[in-house]
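2 protein chains.
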Amino acid sequence: MEYIISDRLQGVKGSIIRELFKLMKDPNIISFGGGNPSAETFPVEDIARITSEAFEKNPIGMLQYGLSEGYDPLRETMKAHLTKNEGFDFTDNELFIVSGGQQAADLTAKVFLNEADVIITEEPSFIGCMNTFRSYNAKLVGVPMRPDGMDIDKLEAALKANPDAKLLYIIPNFQNPTGYTTSAEKRKAIYKLARQYGVMILEDNPYGEIRFAGNPIPAIKTLDTDGRVVYAGSFSKTMAPAFRLGFIVFNRALIPRMTVAKQCTDVHSTVLFQHICHEYMTTRDYKGHIAQTCELYGKKAALMLGEMKKRFHKGVVFNKPEGGLFVMAFLPEGMDSTPFVEEGIRRGVATIPGVAFVVDQSRPNNGFRLNYSTPTDEQIVRGVEILGKLTHEYLG
Amino acid sequence: MEYIISDRLQGVKGSIIRELFKLMKDPNIISFGGGNPSAETFPVEDIARITSEAFEKNPIGMLQYGLSEGYDPLRETMKAHLTKNEGFDFTDNELFIVSGGQQAADLTAKVFLNEADVIITEEPSFIGCMNTFRSYNAKLVGVPMRPDGMDIDKLEAALKANPDAKLLYIIPNFQNPTGYTTSAEKRKAIYKLARQYGVMILEDNPYGEIRFAGNPIPAIKTLDTDGRVVYAGSFSKTMAPAFRLGFIVFNRALIPRMTVAKQCTDVHSTVLFQHICHEYMTTRDYKGHIAQTCELYGKKAALMLGEMKKRFHKGVVFNKPEGGLFVMAFLPEGMDSTPFVEEGIRRGVATIPGVAFVVDQSRPNNGFRLNYSTPTDEQIVRGVEILGKLTHEYLG
Numbered sequence: 061m062e063y064i065i066s067d068r069l070q071g072v073k074g075s076i077i078r079e080l081f082k083l084m085k086d087p088n089i090i091s092f093g094g095g096n097p098s099a100e101t102f103p104v105e106d107i108a109r110i111t112s113e114a115f116e117k118n119p120i121g122m123l124q125y126g127l128s129e130g131y132d133p134l135r136e137t138m139k140a141h142l143t144k145n146e147g148f149d150f151t152d153n154e155l156f157i158v159s160g161g162q163q164a165a166d167l168t169a170k171v172f173l174n175e176a177d178v179i180i181t182e183e184p185s186f187i188g189c190m191n192t193f194r195s196y197n198a199k200l201v202g203v204p205m206r207p208d209g210m211d212i213d214k215l216e217a218a219l220k221a222n223p224d225a226k227l228l229y230i231i232p233n234f235q236n237p238t239g240y241t242t243s244a245e246k247r248k249a250i251y252k253l254a255r256q257y258g259v260m261i262l263e264d265n266p267y268g269e270i271r272f273a274g275n276p277i278p279a280i281k282t283l284d285t286d287g288r289v290v291y292a293g294s295f296s297k298t299m300a301p302a303f304r305l306g307f308i309v310f311n312r313a314l315i316p317r318m319t320v321a322k323q324c325t326d327v328h329s330t331v332l333f334q335h336i337c338h339e340y341m342t343t344r345d346y347k348g349h350i351a352q353t354c355e356l357y358g359k360k361a362a363l364m365l366g367e368m369k370k371r372f373h374k375g376v377v378f379n380k381p382e383g384g385l386f387v388m389a390f391l392p393e394g395m396d397s398t399p400f401v402e403e404g405i406r407r408g409v410a411t412i413p414g415v416a417f418v419v420d421q422s423r424p425n426n427g428f429r430l431n432y433s434t435p436t437d438e439q440i441v442r443g444v445e446i447l448g449k450l451t452h453e454y455l456g
Numbered sequence: 061m062e063y064i065i066s067d068r069l070q071g072v073k074g075s076i077i078r079e080l081f082k083l084m085k086d087p088n089i090i091s092f093g094g095g096n097p098s099a100e101t102f103p104v105e106d107i108a109r110i111t112s113e114a115f116e117k118n119p120i121g122m123l124q125y126g127l128s129e130g131y132d133p134l135r136e137t138m139k140a141h142l143t144k145n146e147g148f149d150f151t152d153n154e155l156f157i158v159s160g161g162q163q164a165a166d167l168t169a170k171v172f173l174n175e176a177d178v179i180i181t182e183e184p185s186f187i188g189c190m191n192t193f194r195s196y197n198a199k200l201v202g203v204p205m206r207p208d209g210m211d212i213d214k215l216e217a218a219l220k221a222n223p224d225a226k227l228l229y230i231i232p233n234f235q236n237p238t239g240y241t242t243s244a245e246k247r248k249a250i251y252k253l254a255r256q257y258g259v260m261i262l263e264d265n266p267y268g269e270i271r272f273a274g275n276p277i278p279a280i281k282t283l284d285t286d287g288r289v290v291y292a293g294s295f296s297k298t299m300a301p302a303f304r305l306g307f308i309v310f311n312r313a314l315i316p317r318m319t320v321a322k323q324c325t326d327v328h329s330t331v332l333f334q335h336i337c338h339e340y341m342t343t344r345d346y347k348g349h350i351a352q353t354c355e356l357y358g359k360k361a362a363l364m365l366g367e368m369k370k371r372f373h374k375g376v377v378f379n380k381p382e383g384g385l386f387v388m389a390f391l392p393e394g395m396d397s398t399p400f401v402e403e404g405i406r407r408g409v410a411t412i413p414g415v416a417f418v419v420d421q422s423r424p425n426n427g428f429r430l431n432y433s434t435p436t437d438e439q440i441v442r443g444v445e446i447l448g449k450l451t452h453e454y455l456g
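Read top to bottom, the protein sequences are chains C and D.
Residues 61 to 456, numbered by my numbering, are exactly what the first sequence covers, in order.
Residues 61 to 456, numbered by my numbering, are exactly what the second sequence covers, in order.
The hints are simulated quantities; they were obtained by calculation from the structure and are not laboratory data.
Worth double-checking, as some hints may not be accurate.
As the list claims (entries may be wrong) - Using 30 Å as the maximum straight-line C-alpha spacing, the simulated DSS-like pairs for lysine-lysine come out as follows: (1) C:K369 to C:K359; (2) D:K226 to C:K199; (3) D:K199 to D:K139; (4) D:K144 to D:K369; (5) D:K144 to C:K139; (6) D:K199 to C:K73; (7) C:K117 to D:K226; (8) C:K359 to D:K117; (9) D:K347 to D:K144; (10) C:K347 to C:K370; (11) C:K117 to D:K380; (12) C:K199 to D:K248.
Claimed, not checked - Computed Cβ-Cβ distance ranges for the label pairs, DEER-style: (13) C:F150 to D:K370: 20 to 30 Å; (14) D:N145 to C:F150: 19 to 29 Å; (15) D:T143 to C:R344: 41 to 51 Å; (16) D:N88 to C:E105: 52 to 62 Å; (17) C:R344 to D:P204: 50 to 60 Å; (18) D:A176 to C:E403: 26 to 36 Å.
Said to hold, decoys possible - Some residues of chain C that are not near chain D, with every Cβ distance over 12 Å (derived): (19) T111; (20) R194; (21) P278; (22) M318; (23) A321; (24) R406.
Note that beta-carbon positions come from the ideal geometry of N, C-alpha and C, so glycine has one too.
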């Protein structure tokens with residue numbers, strides 16, 4: 061039969077990255093294409109021990125239906141953590157546990173978006189959430205990303221041009237795909253503009269704890285005096301991605317809506333993994349674990365950036381990320397990175413072309429994203445060498 | 061600030077049942093209100109052992125990002141299981157693992173529904189999925205449920221009256237909330253009407269394996285020659301609800317759409333629990349485990365129904381379910397069960413009023429749902445006694 065697919069899904073293509081994920085099983089490809097955390101960072105032994113204790117002491121609690129809002133001990137732990145370390149204030153805010161950062165975007169979209177509503181997003185931005193918004197038939201409007209955050213003039217122009225804009229989508233720290241961090245000044249300016257033009261902000265911060273250089277910058281949520289910021293975090297990069305756990309912070313007035321949205325979607329998130337996160341954060345050296353993760357990623361980033369500096373043609377530009385998993389390199393303005401990336405894959409090195417991260421995928425894009433968290437040091441050196449040679453062939 | 065909530069969520073109220081779930085923590089209330097499987101049925105020791113082996117042998121595989129389609133070994137196991145035991149044919153069909161049966165409904169809605177599309181549903185039906193459809197701004201049209209399935213004449217009338225109907229939602233076995241099973245004849249008639257009027261069918265079968273009386277009836281999916289049936293199953297009642305795992309079977313032509321819908325929602329389901337289901341089904345006595353579960357529920361159902369027969373006023377009618385977790389009792393036609401249920405709760409016994417399961421919640425409803433899987437035998441006897449007394453006060 062001929063299927064009539066919903067309008068909402070007509071405009072969503074499969075994620076190039078998720079498709080590439082399958083290709084990466086080929087052990088001969090050096091992959092800078094993924095977005096996985098390094099498996100070295102998973103606290104495997106503690107996870108195994110906490111799990112076996114939980115199944116011994118409270119198996120029913122781990123296996124029976126749980127609450128849609130999340131596992132209370134983890135919710136309290138996260139609220140205390142964000143209050144102490146990030147300056148959050150939970151007087152007017154609430155925190156729910158969700159099934160990964162992706163679901164935070166899905167629930168936010170479900171609660172706020174009507175068909176054809178406009179979402180303003182950094183460009184380039186995270187394809188996963190852009191596709192989530194597309195799946196609600198939202199209209200995406202991109203604002204160019206600079207090394208210190210969105211171009212504020214262009215953001216204001218976009219807000220003026222789209223009076224029906226509902227939501228501003230921002231990844232403030234070590235953005236995916238650019239690795240850029242939005243400055244404190246720009247965070248203030250963005251919040252101010254959001255107030256002025258009456259839009260909500262979804263502040264998506266899956267990488268924030270993985271900072272290996274520079275100083276932390278307060279979240280936009282900490283500037284939020286009128287409850288327009290929904291803040292999303294993730295355990296995927298701090299604990300393990302397959303936990304499928306994240307959290308969402310929002311004004312208490314939204315509790316009934318968020319509860320219903322969660323119930324309609326997957327009822328609740330897995331209890332065992334929520335218990336593990338709670339136990340790990342309260343009884344193990346969570347701070348030390350994060351410090352170790354940051355150290356590892358800092359070393360890998362330094363290695364990759366050093367090799368890129370040595371090997372890449374000088375016409376290829378890139379910034380030094382202060383955390384996270386990614387760096388984006390740019391071929392000279394006007395060039396299209398897609399054939400470059402394709403040739404790289406043919407030579408055994410995978411990266412992701414910038415076109416995967418933009419609103420209008422029909423326009424050529426000169427960026428390509430490299431991931432340094434998963435390849436080995438040898439793969440970083442060898443892979444950058446291959447790509448470097450290619451940059452010289454392209455630009456030489 | 062004043063939040064502008066999406067139209068889609070304006071019409072969705074919180075699940076009365078999920079709210080009641082909190083109340084059930086009061087140990088003094090005898091709850092026939094839940095929908096939980098009995099914790100006695102969880103194969104705790106095997107789950108614990110498989111988990112510790114998995115963390116020993118393949119921790120990274122359990123903790124790193126997995127595939128959106130699901131964990132391949134479990135997908136293959138489930139396809140073999142459905143082929144052998146349920147007569148499914150995977151020549152033209154595919155199976156994905158999803159985050160519980162609830163997500164099967166969410167993804168189906170995402171793929172097929174436009175705003176204001178009509179969904180025809182059994183009435184009463186499962187509030188969770190009805191709310192999922194409401195969250196896509198679908199218009200629900202109810203067709204009265206009879207002890208052998210939907211009233212076929214009224215189904216045809218509803219299809220005629222709603223030429224824009226997109227989807228038919230059916231729980232064929234031990235339906236929630238009625239406990240009714242759709243007969244083989246009606247399954248054929250429903251499929252035929254769906255073809256004739258060009259609607260898809262979502263066949264939701266979370267309870268199918270929990271049959272303790274009568275003979276299995278082939279799924280509508282096994283009648284499906286043109287790919288219009290999407291079939292959903294769940295591990296919540298056969299393994300453990302907090303796994304948050306289910307599966308969805310659909311025509312292969314829909315693979316790209318279902319993949320994208322899953323990616324946009326929560327990327328993938330937890331790997332460890334998928335591995336546990338696979339290991340349990342292939343290396344443990346799954347058949348024996350299900351037989352034990354069925355025996356337990358059969359005994360509990362028989363006890364509850366026997367007590368209801370003894371204690372309830374003859375004006376209260378109910379049918380004998382052949383499986384599942386629920387029985388629905390009906391006060392005389394025209395009576396409203398809500399004040400009855402409220403008085404029951406005041407006297408210490410929780411049930412769910414029929415109004416929770418209908419399309420138009422403003423009309424009085426005479427049914428109330430009782431769950432027999434979670435209360436103890438003593439609670440069943442005592443709770444039915446209290447409710448029985450109440451029926452005599454109401455109808456005597």
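Right, here's what the structure says about each hint:
Note on K369 of chain C and K359 of chain C: the hinted pairing holds, with a Cα-Cα distance of about 15 Å set against a maximum of 30 Å. Pair hint K226 of chain D plus K199 of chain C holds up; C-alpha atoms about 25 Å apart against a cutoff of 30 Å. Our distance criterion of 30 Å between C-alpha atoms is broken by K199 of chain D and K139 of chain D, whose separation comes to about 33 Å. Distance check on the hinted pair: K144 of chain D and K369 of chain D sit about 39 Å apart at the alpha-carbon level, beyond 30 Å; violated.
Restraint check for K144 of chain D and K139 of chain C: the C-alpha separation of about 49 Å exceeds 30 Å, so the hint is violated. For the proposed pair K199 of chain D and K73 of chain C, the alpha carbon gap of about 27 Å is at most 30 Å, so the pair holds. Restraint check: the Cα-Cα separation between K117 of chain C and K226 of chain D comes to about 48 Å, which exceeds 30 Å; the hinted pair is violated. With a C-alpha separation of about 28 Å, the suggested pair K359 of chain C and K117 of chain D falls inside the 30 Å cut-off, and the hint holds.
With a C-alpha separation of about 13 Å, the suggested pairing of K347 of chain D with K144 of chain D holds against the 30 Å cut-off. With a CA separation close to 34 Å, the supplied pair K347 of chain C and K370 of chain C exceeds the 30 Å bound. Taken as a hint, the K117 of chain C and K380 of chain D pair is broken in the structure, with Cα atoms around 38 Å apart against an allowance of 30 Å. A distance of roughly 42 Å separates the Cα atoms of K199 of chain C and K248 of chain D; the hinted pair therefore is violated under the 30 Å criterion.
With their beta carbons about 52 Å apart, F150 of chain C and K370 of chain D fall outside the hinted range of 20 to 30 Å. Between N145 of chain D and F150 of chain C the beta carbon distance is about 50 Å. The supplied range of 19 to 29 Å is therefore violated. Remark: the range hint 41 to 51 Å for T143 of chain D to R344 of chain C is upheld by a beta-carbon distance near 45 Å. For N88 of chain D and E105 of chain C, the hinted distance range of 52 to 62 Å is not satisfied, since their beta carbons lie about 42 Å from each other.
At roughly 56 Å, the beta carbons of R344 of chain C and P204 of chain D sit within the given window of 50 to 60 Å. The beta-carbon spacing between A176 of chain D and E403 of chain C, approximately 48 Å, falls outside the hinted interval of 26 to 36 Å. Non-interface status of T111 of chain C relative to chain D is broken: a Cβ of that chain comes within 12 Å, the nearest being about 6 Å off. R194 of chain C, annotated as away from the interface, has a beta carbon of chain D within 12 Å; the closest lies near 8 Å.
The claim that P278 of chain C lies off the interface holds: its Cβ sits roughly 21 Å from the closest Cβ of chain D, which is beyond the 12 Å cut-off. Distance check for M318 of chain C against chain D: the nearest CB is about 10 Å away, which does not clear 12 Å, and the non-interface claim fails. A321 of chain C, annotated as away from the interface, has a beta carbon of chain D within 12 Å; the closest lies near 6 Å. No Cβ of chain D comes within 12 Å of the Cβ of R406 of chain C; the nearest lies about 24 Å off, and the non-interface call holds.
This entry does not satisfy hints 3, 4, 5, 7, 10, 11, 12, 13, 14, 16, 18, 19, 20, 22 and 23, going by the numbered hints stated previously.
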